[in-house]
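Peer 1: Sequence:
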Amino acid sequence: EHRRDSREHMVRESCQDGQLGACPRESPSFHSRFTTLTISRERRSKHGAKDGAVGAGRGCGSAGNAMATAATTALFEPGRDGQSPQVVVLVGAPGMGKTTMVRKVMVEWREGKLHTQFDFVFCIDCKAIVLPMEASVADLVSQCCPGLRVPAGKILDDRKRILLIFDGFEALGFSLVQPEAELSSDPREVKPLELTLMSLLKKTVLPEASLLITMRPTALGSLGQCLKGEYYMEILGFSAARREEYFHRYFENPNKADMAFRFARGNEILYSLCAIPVMSWTVCTILEQELCGKKNLLECSKATTGMMMFYLSQLLKHRDRDNPQVLQQFLLQLCSLAAEGIWKHKVLFEEKEIKDCGLDQPDLLPFFLNERIPGEGEDHGSVYAFTHLHLQEFFAAMFYVLEDDEEMVSSLGRLEKNVNKLLESYNKSRKDLNVTVRFLFGLVSQESIEYMDKTIGCRISPRAREELLEWLQGRHRGLSHPGQALKVSEMDTFHFLFEMNEKSFTQSALGHFTDLDLQDTKLTLYDQMALSFCIQHWAGLGSVSLQGCSFHWQDPEAELDAVGVVPRVWRAGEQPGQVRCAEPPFSVLSHRLQWCRLSEGCCAELAVLLAEHPGLACLELGDGSLGDSSVRLLCEGLRSPGCRLRVLR
Numbered sequence: 001e002h003r004r005d006s007r008e009h010m011v012r013e014s015c016q017d018g019q020l021g022a023c024p025r026e027s028p029s030f031h032s033r034f035t036t037l038t039i040s041r042e043r044r045s046k047h048g049a050k051d052g053a054v055g056a057g058r059g060c061g062s063a064g065n066a067m068a069t070a071a072t073t074a075l076f077e078p079g080r081d082g083q084s085p086q087v088v089v090l091v092g093a094p095g096m097g098k099t100t101m102v103r104k105v106m107v108e109w110r111e112g113k114l115h116t117q118f119d120f121v122f123c124i125d126c127k128a129i130v131l132p133m134e135a136s137v138a139d140l141v142s143q144c145c146p147g148l149r150v151p152a153g154k155i156l157d158d159r160k161r162i163l164l165i166f167d168g169f170e171a172l173g174f175s176l177v178q179p180e181a182e183l184s185s186d187p188r189e190v191k192p193l194e195l196t197l198m199s200l201l202k203k204t205v206l207p208e209a210s211l212l213i214t215m216r217p218t219a220l221g222s223l224g225q226c227l228k229g230e231y232y233m234e235i236l237g238f239s240a241a242r243r244e245e246y247f248h249r250y251f252e253n254p255n256k257a258d259m260a261f262r263f264a265r266g267n268e269i270l271y272s273l274c275a276i277p278v279m280s281w282t283v284c285t286i287l288e289q290e291l292c293g294k295k296n297l298l299e300c301s302k303a304t305t306g307m308m309m310f311y312l313s314q315l316l317k318h319r320d321r322d323n324p325q326v327l328q329q330f331l332l333q334l335c336s337l338a339a340e341g342i343w344k345h346k347v348l349f350e351e352k353e354i355k356d357c358g359l360d361q362p363d364l365l366p367f368f369l370n371e372r373i374p375g376e377g378e379d380h381g382s383v384y385a386f387t388h389l390h391l392q393e394f395f396a397a398m399f400y401v402l403e404d405d406e407e408m409v410s411s412l413g414r415l416e417k418n419v420n421k422l423l424e425s426y427n428k429s430r431k432d433l434n435v436t437v438r439f440l441f442g443l444v445s446q447e448s449i450e451y452m453d454k455t456i457g458c459r460i461s462p463r464a465r466e467e468l469l470e471w472l473q474g475r476h477r478g479l480s481h482p483g484q485a486l487k488v489s490e491m492d493t494f495h496f497l498f499e500m501n502e503k504s505f506t507q508s509a510l511g512h513f514t515d516l517d518l519q520d521t522k523l524t525l526y527d528q529m530a531l532s533f534c535i536q537h538w539a540g541l542g543s544v545s546l547q548g549c550s551f552h553w554q555d556p557e558a559e560l561d562a563v564g565v566v567p568r569v570w571r572a573g574e575q576p577g578q579v580r581c582a583e584p585p586f587s588v589l590s591h592r593l594q595w596c597r598l599s600e601g602c603c604a605e606l607a608v609l610l611a612e613h614p615g616l617a618c619l620e621l622g623d624g625s626l627g628d629s630s631v632r633l634l635c636e637g638l639r640s641p642g643c644r645l646r647v648l649r
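Those letters in the sequence shown? Residues 1 to 649, by the UniProt record's numbering.
Hints listed in this document are in silico derivations from the structure and should not be mistaken for laboratory results. There could be a bad hint or two in this list.
[What the hints assert, rightly or not] Once the Cα atoms are required to be at most 35 Å apart in a straight line, the calculated DSBU-like pairs of lysine-lysine come out as: (1) K417 to K487; (2) K317 to K487; (3) K346 to K428; (4) K344 to K355.
[As the list claims (entries may be wrong)] Restraint ranges, calculated between C-beta atoms of paired labels, are given here: (5) V190 to E77: 16 to 24 Å; (6) V190 to K317: 31 to 39 Å; (7) Q143 to N434: 24 to 32 Å; (8) H345 to H512: 51 to 59 Å.
Here the structure is a predicted model, which is why all the values come from computation and not from measurement. We put the CB at the ideal spot given by N, CA and C, even for glycine.
With the sequences and hints as input, model every part of the structure.
Peer 2: This is how it looks when you write it as structure tokens:
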């Protein structure tokens, strides 16, 4: 009973959190939304990382030969040598879930479910707690749990089985290079704080105690020199299965969870980014607001760029608000580095490059770049990588549109801000620039310009809008043959316009074209939304050709092919198959749907279309798989008074 009371007291006193504002025990959403993370586990040599296993920014599912697991139970499980680790270093980029894992450890220990080998667990939040310049180990314990029933000194003297947790260790800012002769062996001895911490790390004090340390990859260097026999675990994020699980845990309504996950799954960029837990939270938070307001993701105004900007605002919350020029300068340098890397197919950057760019700012750098510590036998310095490739592409796009003054430009001085060069390179051969170009369109929307200015404090120049418009109009004119109707036949055009999400810009971009011609394309839900958005604002559209195209509702492994004149989406509360078509401005005269594997249900919807839209003059269904029942359904539409079809093939 005393042990259980002690557990409850430890958690109550040490797990107060600034974001939730309550103990995890009192927050039902903590239990309901917690989703297990994928973790790689490596034992580190005394002098550095093993094969660069930690901090290389690899992302989930790339653990290589490292042992991978996905639960807090793994933190102190015996390793391959059969020994349980005494020191565990949990590494992860911002937003990967380090603090959440710590909270889970505390909750499971209090409830007696896991980590029962410890009599006491003390958690010090290094980011939030104000520690004295000098302190003993007993002082640290007393400060993190000020209402202990048993004095901290007595607990430590009794050699109880203790776990000490330091969450966000890098926030303390210590170099950890103090002389070992000055280390302490007495938990009551008061010494400079850095010496007291080094005594714990070096095991000169409380040698039987276990340590759990969470930190960012950029801070591993000095810590590794202080530890012996430690295990390093890197949070890789959510696996594919866990991403879907998180969406279902986040949304209370299973239909909304399905819809939101299909939205993310259909967008390759978003789905890949959702491996980062905080990005999954960002996407769910935004889609929840969209679904509450409109009940229909077809009308979702937050494309990928909008979610990235929201993610960026969360990373930079309360940082450098008093000196926005510092943040503006840092972001300019960061974007320059990202763009140069994208041009050179480069994702790893040497320490010298980071310093030359002026990015060696410890209060900002860890939010964007992971550090890879050199392994044993490697003689070069640390190298850095963006937390995710798509983040690098986002910042590369920002490079071309962020406003700067002459002084800032001269300090960059490496890469030319030439939007046309970027677009033409993409058009000719550099298809790997697709994501960067898509973000470019999203960033110059009026909504993005206002959001970046008000929320993040960055000024985006609208000058690139005209260049983007001219490029879109010119690329499709070049693809159309002389004397033929001007047609749009590239799906990426619809992605770009949907990313910007502006009616007037879309009307201008498509105003000179009359035909939509897509062939042999598998359209995801996200593709369909982009296509539908553009069709609704395409006043001059006269012909739609979807030869060999199919509309996919789910994952490729469990897809349901469907085809329609206009992409369709599920509204909240509807079941698969109960669908409604988005309405275009029906100047469309012709639809070509050859080899689209039309089902009987599709023919029923085509029949409704024939009856309701007299502007439809030509319909081509060169399919070969239509059965009698499908043809009968089509005939019902042909017989309706509203049908004005002149040609049926």
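Peer 1: Evaluate each hint against the coordinates.
Peer 2: Hints versus structure:
no.: 1; hint: K417 to K487; result: 31 Å, holds
no.: 2; hint: K317 to K487; result: 45 Å, violated
no.: 3; hint: K346 to K428; result: 20 Å, holds
no.: 4; hint: K344 to K355; result: 19 Å, holds
no.: 5; hint: V190 to E77: 16 to 24 Å; result: 36 Å, violated
no.: 6; hint: V190 to K317: 31 to 39 Å; result: 36 Å, holds
no.: 7; hint: Q143 to N434: 24 to 32 Å; result: 52 Å, violated
no.: 8; hint: H345 to H512: 51 to 59 Å; result: 35 Å, violated
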